[in-house]
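Start from the sequences, fold in the hints, and give me the full structure.
These protein sequences, in sequence, are chains W and E.
Position one of the first sequence corresponds to residue 1 (our numbering), numbered consecutively onward.
Position one of the second sequence corresponds to residue 1 (our numbering), numbered consecutively onward.
These aren't lab readings, by the way, just hints derived from the structure by calculation.
Examples of chain W residues lying across from chain E (beta carbon under 10 Å, computed):
1. TYR11
2. SER40
3. SER47
4. THR64
Dumping the calculated DSBU-like pairs for lysine-lysine here, alpha-carbon to alpha-carbon at most 35 Å:
5. LYS128(W) to LYS63(W)
6. LYS255(W) to LYS38(W)
7. LYS92(E) to LYS38(W)
8. LYS38(W) to LYS63(W)
9. LYS255(W) to LYS63(W)
10. LYS128(W) to LYS242(W)
11. LYS92(E) to LYS255(W)
12. LYS242(W) to LYS255(W)
13. LYS261(E) to LYS38(W)
Quick reminder that beta carbons are idealized off the backbone N, C-alpha and C, glycines included.
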Amino acid sequence: MRVTENVRFLYSSRALQDGASRMLELSTQIASGQKITKPSDSPATYSAVVQRSDLLNRLASRKTVLERSASDLRLAEGALASAGDLLVRARELAVQFADPVNGQPERDAAAKEVAALRQQLVALANTKGQRGYVFAGTQTQTPPIDATGAFVGDGLPLDVEYADGQYTASNVDGAQAFSAAGGVDPFALLQQLEADLSSGNLAAIRGALPSLEAAHGQVTLARTHAGGAINRLDSSTEFTAKAVAHAQSLQVQDKQGDLTELATEMTLAQSAYERSIAVTRQVLSVASLVDRL
Amino acid sequence: MSTLLGILSTAQSGLSANATGISVSGENITGANTPGFSRRTALLENRPLGGSQAGGVTVAGIQRAFDGFAERAVLTESGYLGAADARAGAMKRAEQVLVPGDGFGLDDRFGEFFAAWDQLAQKPDDLALRRNVVAKGEDLAGAFNTTATELDRLRGDLLADAETVVEEINVRLAKINSLNERVTGSPANTSGRAELQDERDRLIREVAERLSVTVIRNDNGSVALLSSGVALLDGGVVRSLSVSTAAYDPLDPTDPRTVLKFEATLPGGSPRDITAGVEGGRLAGLREARDVDLIALGEDIDQLAFDFASTANALHTSGQDLDLNAPPDLFVGGLGPVPAPPGTAGNLAFNPALRANLRTLGAATAANPPPGGNSLALQISALQSSSLAGLGTPAARVAQIAADTGNVVVGAEGERRLRENTMSHAAQLREEASGVSLDEEMIALTRFQRAFQASMKVLQTADQLLQELVQRL
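Following this line, the structure appears as structure tokens:
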């Protein structure tokens, strides 16, 4: 093999270029903290990063939705608890004033209290959350109980996705809790109780007791459903948060790479580059006949 | 007397021949680092006896070191390297179009669009949330438009690159033709001819890097260049190379895509299409990137835009808007419906009617009616995790498109590195045959110097003898 001047420097020059290029690549990765910045860095990993990024967006959005939905459900549960308390109080009044020992003036006072309880119950049934009236079904912009005490909502569910393709209602069926659809119309019942108290119809007052218990039962049942939904949303939120943390950890690992590994690669690249420099220096310092003649 | 005069003549021939040798070594030393320089050798031979000449030495010529095999290897590898380098460069630019920066890609726009629907599902009658869906829909359509436009622009740039390369080739072909004339007109085995041949071979290598060529070396010293079986240069006639565009699908007049078309034309002649034979050189790489890789990439993006827009439109129009009416299409194509590929991504638009009247955006269905019904919003949001046309979720398809492009870049870069290595080997082969070794030249220089000094001694000796002879007469 003839060794010419160009051949002598060709390989040294290429080795230096390759070494410098590799060092620049690694130092950029270490400095930026990003091992994967474009598809060609690692097509398979980049694809995984994009899809995981989508998953993270989806999970983050779902977590927010679940938390907001649970917030409205808690509001509904609180309203149902208060409604239950109102009905308990109404029953207490019915029990107390069904007794003939009370005079009509006391029953009139009780009738007024029942009327107030009914108004409070209307206010509770028309509770507004972040999405509108929480017991109105899909008619979120209309109070579900109108001035006459009639239920004008639709009792339809407002779903929320708690897992891929899995939905659960994020509202309480107001029709079941506050209308005859649940068995007893509590507003009509309280209105009748108020009238019976005002008229002193003791038999009717006594007769209302089972209905009041049933009304309390249907509100309590609705509250139980709300509680179950809250638990479901809370556990889904917790699971989603864990899934987010796991996906984030994998994402960081894929995008940033292992810093120790990168540092080791950098050391190896630096060592190779220094060897190339040493060899080039040696090649350049080799004496030739030019120096001797 | 005649013998002594013969010695003087012999010594003079030695001086002259060795001076030429020193001169040739000097040329080699000074040309050692000149690109394309080929080592020369002074060919010394005995001067024939006869007449007043008594032997001696003469320079038969200056031989240029040339290895046809090594030169062909360099030309071939130059073509491969040029093609790989052009393709890798083009596809790196395509990669930047797909991934303009962290958080600016199609995948991010999809994520924001679906998140907007998630939020709307929480409060379907909220006009601010409806406006947000419209804005994110416009952003998504805009991202498709930008990607398609940038890819089109890149294909336009590659056409311009090809035009530049073609012009460079034409300039070099003209110069090679001119050098052909000068080489054939110059005496054989001279430094002058070697210099012209070096320059011509350097230009041929520059042509080969741009377009694969076959070189035929004629006995008279001229060369002919062929590409795709067509003589680009032969017998003093140069075919002019040109590049234009032709329809990608000649059977479909609505398809706006074009492919590169290369033609070689004789002066006053009709053009000959050499496109199919352009398999090496930068032109081949540009053609591969523009007419194969980028068209495939554009088709994938168009198909994704079409599948997504069609699915979203079908869902949206099946629902109910805030006024219980069937909502219009979410996405349109300019002034009409979403066009089928090709051209879908570039023409995709979020329906402007929805921005004009936010109440017409559907979020509910007849079974789950407005204003609070959110089942349609949930269905559209669920597209994020649904397979579009059985080919994967929107994010998976974006990821696949990016990964495919990444694989092309990796493959092209790998090919470029491979060709750099093979080119390096070919260049070394050529260097071994034609390059200059300073050690060799130092030895040759010393050899010629000593021979020159010895010839001078002979001359001095003959001169002294002649003087003594003259004095004694």
